[in-house]
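S.K.: The lines below spell out each chain.
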Amino acid sequence: MKKAAVRRSGGRAVGKGHAKRVRLLELAHARSGDKGDTANVGLIALKPEYYPILVKQVTAARVARHFKGMIKGPVERYELPNLRALNFLLHGALDGGGTISLKTDAQGKVFSTALLRMEVEVSR
Amino acid sequence: MTSRRSPPSPTVRVAAGQGFWGDWLEAPYRQVTGGTIDYLMMDYLAEVTMSILQKQKARDPTLGYAKDFVPLMERILPLVVERRIKVTANAGGVNPRACADAVAETARRSGLAGKLRLGVVTGDDLLGRLDGLLARGHELKNLDTGRPLRDVRDRVLSANAYLGAWPVVDALQRGANVVITGRVTDTGLTLAPLIHAFGWKADHWDVLAAGTVAGHTIECGAQCSGGNCLVNWERIPDLANVGYPIVEAQPDGSFDITKHPGTGGRITVAGVTEQLVYEMGDPTAYITPDCIADFTTIRLAQAGKDRVRVSGVRGRPATDKLKVSIAYSYGYKAVGTLVYAWPDAYKKATAADRVLRQRLKDLGLAFEAILTEFVGADATHGRLALERAPLDELPEVQLRVGVRSSDRAAVERFTREIAPLILNGPPSVTGFAGGRPKPEEIVAYWPALVDKRMVEPCVEIVEV
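Going down the list, the protein sequences come from chains A and B. First residue of the first sequence? That's 1 in the working numbering, and the numbers climb one at a time after it. First residue of the second sequence? That's 1001 in the working numbering, and the numbers climb one at a time after it.
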């Protein structure tokens, strides 16, 4: 994909056929970890021009919808423009976290790639 | 300043040798032998490690530290002495003095008597002072839930304040070659050598923050040099020979992340960025005992092959609190697994789960939680994966059921309900060779804050 630009936020329908939907995997990489029962996902733009797309479309509300049913608490988002990264805190994501958790991913290591499944809109 | 290079350079090299207790045993040896370094930093302590060590110490007062640190030191100490490398490690766990005694004994056996000075940092252990602190009104509320510690006081197994860099600096200034600590922060183990080498002051917040960022970058070992790195992961060269990271720091707080020549892995801006955001909370306030670092001020630049330059880090004054890591007995858990084969592997596994849950219900067992995952279908990405997975064609699915309860007997009974499914449940099932799962005690983590003035770090020097 070359020059990607935001057409409309929030994953709503886009007019004029200038946009297409792609998975975040095409635009970003990520790493996640844990702090108690909270998983963090750092989402990093693969190219500088992708960062505004992440900022505009990958909102805390959108991420909360993406993980609906998988996390019990709210989602917080922080911006790190210097690293072209967003940091998400997914509260109540780890079945109690650490040693309490019964999950395979008790330490939230692969919430990173789960977020990369989300689709965003980019210009063709 | 301990660099042996000539002409003398202000650069100080801190190499990461262990990212956690259980990390690659070859890494410290390779860091010491693969090129010039001034310091070797090794992080051993995870959140609940202290409680495991506290139990070991209760059984035997000469234990309670990371035992494999001793043979590791035996292997590298002659080189450490010869090359005048200094070591910082929080391998001391809940018994740093015993750890130092064991290292000293090993060193003497290796003919290093008179050539080595060990620094021992203690004062982090608050277990014996908990009731006094509670009586004086320190509630030690759980940072996540707000509950006061008295709710679980009778189940507490360990309590350790996170000490910062300064007691380690003290040990280095008193001539220690190897500093063995209890619960010192991961970042403090890297920051301390830089404070010591550059003479940074306790209110030089920007450089302290820079050294803290350096510590955060290398505290997970190879996770910043190509390990667990998602960007172009298939093109990361020679992970079998992965080079662990090295900080090359300057007196102004800027530093490079690099690795020894000839090693595998990869150091790029993208990979370092992944490590910077790992386990991050509010990026503007990375709080340590030494300072508050603002991760939104970090500047990264590729400064050569396998070399990333880090600059611009800004810091703010430290808070008047220390974080306390408390471990307490929570209850019991067990996880049982069975593997179902094609055809209809997923359908068979879900049917088996229904049978199992019905039986647990009929037995009247009380669980705080029962969690079912289908490994091969939804264990890592939940319903996000199920929406796309070819569920009818999966070659195999592992049914993985976990239970948690304060009642050990209920968990024990659960472990006996897995194997019967092999003969009295859905077909095409295998993968039970490991036998019956074992109930496991849950030691949970209770993060809290305590006033800094309640904690008094202690530094001892042991001559070998």
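Among the hints, erroneous ones may be present.
[What the hints assert, rightly or not] Below, a list of computed lysine-lysine pairs in the PhoX-like style, where the Cα atoms sit at most 25 Å apart:
{"#": "1", "chain 1": "B", "residue 1": "Lys1201", "chain 2": "A", "residue 2": "Lys47"}
{"#": "2", "chain 1": "B", "residue 1": "Lys1055", "chain 2": "B", "residue 2": "Lys1323"}
{"#": "3", "chain 1": "B", "residue 1": "Lys1323", "chain 2": "A", "residue 2": "Lys109"}
{"#": "4", "chain 1": "B", "residue 1": "Lys1201", "chain 2": "B", "residue 2": "Lys1347"}
{"#": "5", "chain 1": "A", "residue 1": "Lys47", "chain 2": "A", "residue 2": "Lys109"}
{"#": "6", "chain 1": "A", "residue 1": "Lys72", "chain 2": "A", "residue 2": "Lys20"}
{"#": "7", "chain 1": "A", "residue 1": "Lys68", "chain 2": "B", "residue 2": "Lys1055"}
{"#": "8", "chain 1": "A", "residue 1": "Lys72", "chain 2": "B", "residue 2": "Lys1055"}
{"#": "9", "chain 1": "B", "residue 1": "Lys1057", "chain 2": "B", "residue 2": "Lys1347"}
{"#": "10", "chain 1": "B", "residue 1": "Lys1361", "chain 2": "B", "residue 2": "Lys1438"}
{"#": "11", "chain 1": "A", "residue 1": "Lys47", "chain 2": "A", "residue 2": "Lys20"}
{"#": "12", "chain 1": "B", "residue 1": "Lys1067", "chain 2": "B", "residue 2": "Lys1057"}
Bear in mind the hints are in silico, worked out from the structure with no lab data behind them.
S.K.: Next, verify each hint and record whether it holds.
M.R.: Results for each hint:
As the CA atoms of B/Lys1201 and A/Lys47 are separated by approximately 38 Å, the hinted pair breaks the 25 Å bound. The hinted pair formed by B/Lys1055 and B/Lys1323 meets the criterion: a straight-line CA distance of about 22 Å does not exceed 25 Å. Of the pairs offered as hints, the one joining B/Lys1323 and A/Lys109 holds, with about 24 Å between alpha carbons and a cut-off of 25 Å not exceeded. Of the supplied pair hints, the one linking B/Lys1201 and B/Lys1347 is violated, its CA atoms being roughly 64 Å apart against a limit of 25 Å.
Distance restraint check for A/Lys47 and A/Lys109: the Cα-Cα separation of roughly 23 Å lies within the 25 Å cut-off, and the hinted pair is therefore satisfied. A threshold of 25 Å between alpha carbons decides the hint, and for A/Lys72 with A/Lys20 the separation of about 31 Å lies outside it, so the pair is violated. For a cut-off of 25 Å, the pair hint linking A/Lys68 to B/Lys1055 is broken: about 40 Å separates their Cα positions. Annotation: proposed proximity of A/Lys72 to B/Lys1055 is violated, straight-line Cα distance about 33 Å (limit 25 Å).
Proposed proximity of B/Lys1057 and B/Lys1347 is contradicted: the alpha carbons are some 48 Å apart, above 25 Å. Proximity of B/Lys1361 to B/Lys1438 is assessed by CA-CA distance (about 20 Å); at most 25 Å being required, the pair is judged to hold. Simply put, A/Lys47 and A/Lys20 have alpha-carbon atoms about 18 Å apart, close enough for the 25 Å limit, and the pair holds. With a CA separation close to 12 Å, the supplied pair B/Lys1067 and B/Lys1057 stays within the 25 Å bound.
Comparing the model with each numbered hint stated earlier shows that hints 1, 4, 6, 7, 8 and 9 do not hold.
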